[in-house]
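S.K.: What follows is the residue order along each chain.
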Amino acid sequence: MAGLVTSFGSGAMTNSIKEIGDAACILAIGTNTTDTHPVIGLEIKKAVNKGGKLIVANPREIRLTQFADVWLQHKPGSDIALLMGMMKVIIDEGLEDKAFIEARCENLDALKESLKAYDLDFVEKTTGVPRAKIVEAARIYATTKPATLLYTMGITQHTHGTDNVMATANLAMLTGNIGKPSTGVNPLRGQNNVQGACDMGALPNVYTGYQGVADPNNKQKFETAWGAKLNDKPGLTVTEMMNAAHEGKIKAMYIVGENPTLSEADTNHTLEALRKLDFLVVQDIFQTETTREADVILPAVSFAEKDGTFTNTERRVQRVRKAVEAVGEAKPDWWITDEIARLMGAKGFDYKNAEEIMSEINKLTPSYAGITYARLEKGGLQWPCPNTEHPGTPILHTAQFSRGKGRFVPITYRPSAELPDAEYPLVLTTGRSLFQYHTGTMTRKVKGLNDILGEGKVDINPKDAQTLGIANGEMVKITSRRGSVTAKASVTGVTSEGVVFMNFHFAENCANILTNNALDPVAKTPEYKVCAVRIEKKSGELANVAV
Amino acid sequence: MADINLTIDGKQVQAKPGMTVLDAAKLAGVYVPTLCFHPDLAPYGACRLCIVEIEKMRGLPTACTTPVTEGMVVKTNTPQIQQFRRGVLELILTEHPHPCLTCWRRERCGPFDVCLRNVDVTHRCVLCPKNGICELQQVVDHIGIEQVEFPYVYREIAIDRENPFFERDYNLCIVCGRCVRVCQEIRGVGAIALTYRGSNALPGTAFGRALLDSDCQYCGACVDACPTGALIERNRKWEGAGERKVLTTCVYCGVGCQLNLTIKNGKIIESVPARENDVNRGQACVKGRFAIADVVHSPERLTKPLIKKNGKFEEASWDEALNLVASKLGSYKKEEVGIVASARCTNEENYVTQKFTRVVFGHNNVDHCARL
Ligand code: SF4
Ligand code: SF4
Ligand code: SF4
Ligand code: SF4
Ligand code: FES
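So the protein lines, in turn, are chains A and B.
Take the first sequence: its position 104, counted from the start at 1, is 104 in our numbering, and no numbers get skipped.
To get our numbering, take the position in the second sequence, counting from 1, and add 547.
Hints may contain errors.
[Stated by the list, open to error] When the alpha-carbon atoms are kept at most 25 Å apart in a straight line, the in silico DSS-like pairs for lysine-lysine are as follows: (1) B:Lys875 with A:Lys251; (2) B:Lys859 with A:Lys18; (3) A:Lys276 with B:Lys859; (4) B:Lys880 with A:Lys219; (5) A:Lys445 with B:Lys875; (6) B:Lys859 with A:Lys378; (7) A:Lys145 with A:Lys98.
[Said to hold, decoys possible] Computed spacing ranges between beta-carbons, pair by pair: (8) B:Pro846 with A:Pro410: 53 to 61 Å; (9) B:Ala705 with A:Ser359: 37 to 45 Å; (10) B:Phe697 with A:Ala374: 55 to 63 Å; (11) B:Gly737 with A:Thr143: 26 to 34 Å; (12) A:Arg342 with B:Gln685: 24 to 32 Å; (13) A:Glu329 with B:Ile706: 39 to 47 Å.
[Claimed, not checked] Stretch-level coverage of chain A by chain B, calculated; a stretch enters the list once three of its residues show a Cβ under 8 Å from a Cβ in chain B: (14) 189–195; (15) 241–250; (16) 257–270.
What the hints contain is simulated information worked out from the structure, not anything from laboratory work.
Think of the CB as a built atom: it goes at the ideal place given N, C-alpha and C, for glycine as much as any other residue.
Using the sequences and the accompanying hints, generate a full structural model.
M.R.: Structure, rendered in structure tokens:
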């Protein structure tokens, strides 16, 4: 979300879910919303039913394309060219919102300058989208207001993910679609509490509420509150920690409720890193591909057996309530971490319940200051919520941006880190399915879901399948520079020629064995969405599967 | 816009423009029986159960489709209306099993009791999963039907069990169309439609295919919309109403749908999307609707701390496990320890994890899998 911070000064969904249904225009780029955020998918359909225009930009023929007025089937990794191309059309045709730009934004000239590199021939060639469609999409988005822009990991999981995000912000500002109902730049966050984990400072560079660790004032504030000596040097991201473990610089890890073995890019590398550790503790509700590597496994309770809060993708903090007693001796994650901290001699880890932790969060986090359990009984609250009288904030940047003026950022197109070549001629892109969740730790325990989607398949375009002599349902071997997996081929027009697609939920055919952990330089997000692979018929020989 | 004043059964009501007579009646606390009406769907006006008398209007208009106007005088409960409603219901009941509906002993009858009337098992409410939580029952009880004049014809349709999550028993269907409309209007899927089999219109997939071969997304919206036992979640079929409900937030994606978990005997028996909120407003998806109880109550859950000894995990006490973890983590140089928090855990837990890292190890090597 670093991109949005640069542009607006704040990196979260600018508007709320229920506004989407009232938008006159929706640009959904890099999001398979009906599968990954089904209930937000309903809002999009609602807007379309009311006569709203829908522009879908996606390399795959997802369900949403059925409802779209314009479908831009751009090549994976070409989002910047597409978005900048649209901006070029808007500027050339004078469709920008001059009054808004004048009043609220800065640095337009630099953007204009950088747009010179995006003449439509280049854009058409890079994206594979006919120029007429790009022009049509640009006109619709610029003139049909209010317009909202939605994106998911299809935008961020690239080595140029931060640039992608800034490009979406440029486009929204250029057309004045910020700070009003049913507008905005709206990253739809994938996991249930990824927004909350970021808000709570489970990140190497910030405390709660994005208070930077490098800022001496913040350091002092938290040192006083916690009674401990703190460090102003930002730490390592998960991917960097895995690299450090690989190099022997990190010797012990404590993993709370994650399954990096399947979720990190380049599974073999992650697994090697975990195996090199001297000591690994994993806390989870089930055995996973990661707990198997552990020295100690601590049993945690599920969300239905504990109290707490999650923050959804629209910054809304909502209660999680204990519904049933814990299974066996399982404990809430906070309780376990508390016990370890106390045994290690730390002070300030004597919480009696989750509500007490929230009061401490309220005191130290301006944007969460007014979000108390008492208030949450009446329903969720959207941050920023600076005091207990504040109603919460459904729309960000209404009067001004968090950073003052919205900043147009000039962007240079960079191709993905790994492009197809003679040896690995196809582009692999990965994503989620409606019927499984994340690494499947939970959902694969549900027989009904497995009945519907119980194995990872690889989607191949009929033309590529024909060239390779592959039939629908046949087992194939997919190989990248990092490893290979086998999976059933699903021959389908859903993906375009030269592009293959896999879900990442399945350990047996683990897509992340193939993916590239090349990082975006700012956000440090691995390039899950583009890597080069080749596909072969699985001819008798045993596939070299790592897990 | 100004409020609209009207009178319902002698009560003064101030309604908002755009409201229907049915909405206004709810506002006034007057019960009007309905069957095809659903608050999230466009007015349909098919079952005619909600008819009322309105001064200066001819006939018996349906409350669910008639907009309020200034000065309206509405009666909802005259003998004529009740007579008409009884007729409507009796007609429905010629195609719906009703012996129990008109039997005074129903509430005291258990599934295995000997039936006073010697009724076929397939025709008994007391053997229907919806017994006690059925809208049709409530409506019949309100209007009061002692006996049905016409003979009941059993449709003899095989129960459809061809999908993993819910069963479709169209012998119990009253053709209110709520399932079809929710699938089309709210979900935008249209997996089912009213189809004709002989003279009867009934909901079904195109060409009577299995749901698995249709566009169905298994969201369960049709199950939640159904007023009878025709659509029933398989796992909770015989559980009845449950003991209590707990409102919580779904764990399966960033939408954060509000879900009501129904609890019985310490177990979750179902998870139904909550309506009163600004997030999901009565909707969910297959994961939040059908994939919660099986996960929470999975026999594969970890129940005890495990310590790996000679390459094998062995059960340990919390004391042993925690002491081992604390002493091991304390034995490295601080920068040699990395901590991974979780986007699946609560805010409070993530707060504690990052505080733990920063306070105990004096560095910032804490992160979670936010980037995917
Ligand atoms: S659907 Fe209702 S009325 Fe019909 S048999 Fe079941 S409980 Fe009785
Ligand atoms: S489960 Fe959902 S998609 Fe399937 S028929 Fe019912 S409403 Fe339609
Ligand atoms: S299945 Fe249920 S909701 Fe659908 S028409 Fe029949 S009674 Fe109504
Ligand atoms: S019910 Fe579905 S859409 Fe709603 S939060 Fe859960 S996973 Fe997301
Ligand atoms: S509820 Fe009004 S006609 Fe059915």
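S.K.: Is 37 to 45 Å right for how far apart the beta carbons of B:Ala705 and A:Ser359 are?
M.R.: violated, 58 Å
S.K.: Hint check: B:Lys859 vs A:Lys378, CA-CA at most 25 Å. Holds or violated?
M.R.: violated, 48 Å
S.K.: Between B:Gly737 and A:Thr143, does the beta-carbon spacing fit 26 to 34 Å?
M.R.: holds, 31 Å
S.K.: That 24 to 32 Å hint for A:Arg342 and B:Gln685 (C-beta), does it hold up?
M.R.: Between A:Arg342 and B:Gln685, where Cβ atoms are some 54 Å apart, the hint is violated.
S.K.: With a cut-off of 25 Å on the C-alpha distance, tell me whether A:Lys445 and B:Lys875 pass.
M.R.: violated, 33 Å
S.K.: At a Cβ distance under 8 Å, does chain B reach at least three residues of the stretch 241–250 of chain A?
M.R.: holds (count 5)
S.K.: Compare the distance between the alpha carbons of B:Lys875 and A:Lys251 with 25 Å, and conclude whether the hinted pair is satisfied.
M.R.: holds, 11 Å
S.K.: Quick check: the stretch 189–195 of chain A, covered by chain B? Criterion 3+ residues, Cβ under 8 Å.
M.R.: holds (count 7)
S.K.: Check the hint pairing B:Lys880 with A:Lys219 against an upper bound of 25 Å on the C-alpha distance.
M.R.: Distance of about 22 Å is within 25 Å: holds.
S.K.: If you check the beta carbons of B:Pro846 and A:Pro410, does the distance land in 53 to 61 Å?
M.R.: holds, 57 Å
S.K.: Is A:Lys276 within 25 Å of B:Lys859, Cα to Cα?
M.R.: Within the cut-off at roughly 18 Å; holds.
S.K.: Verify the proposed pairing of A:Lys145 with A:Lys98, using a straight-line Cα cut of 25 Å.
M.R.: holds, 15 Å
Against the hints set out earlier in the document, violations occur for numbers 2, 5, 6, 9, 12.
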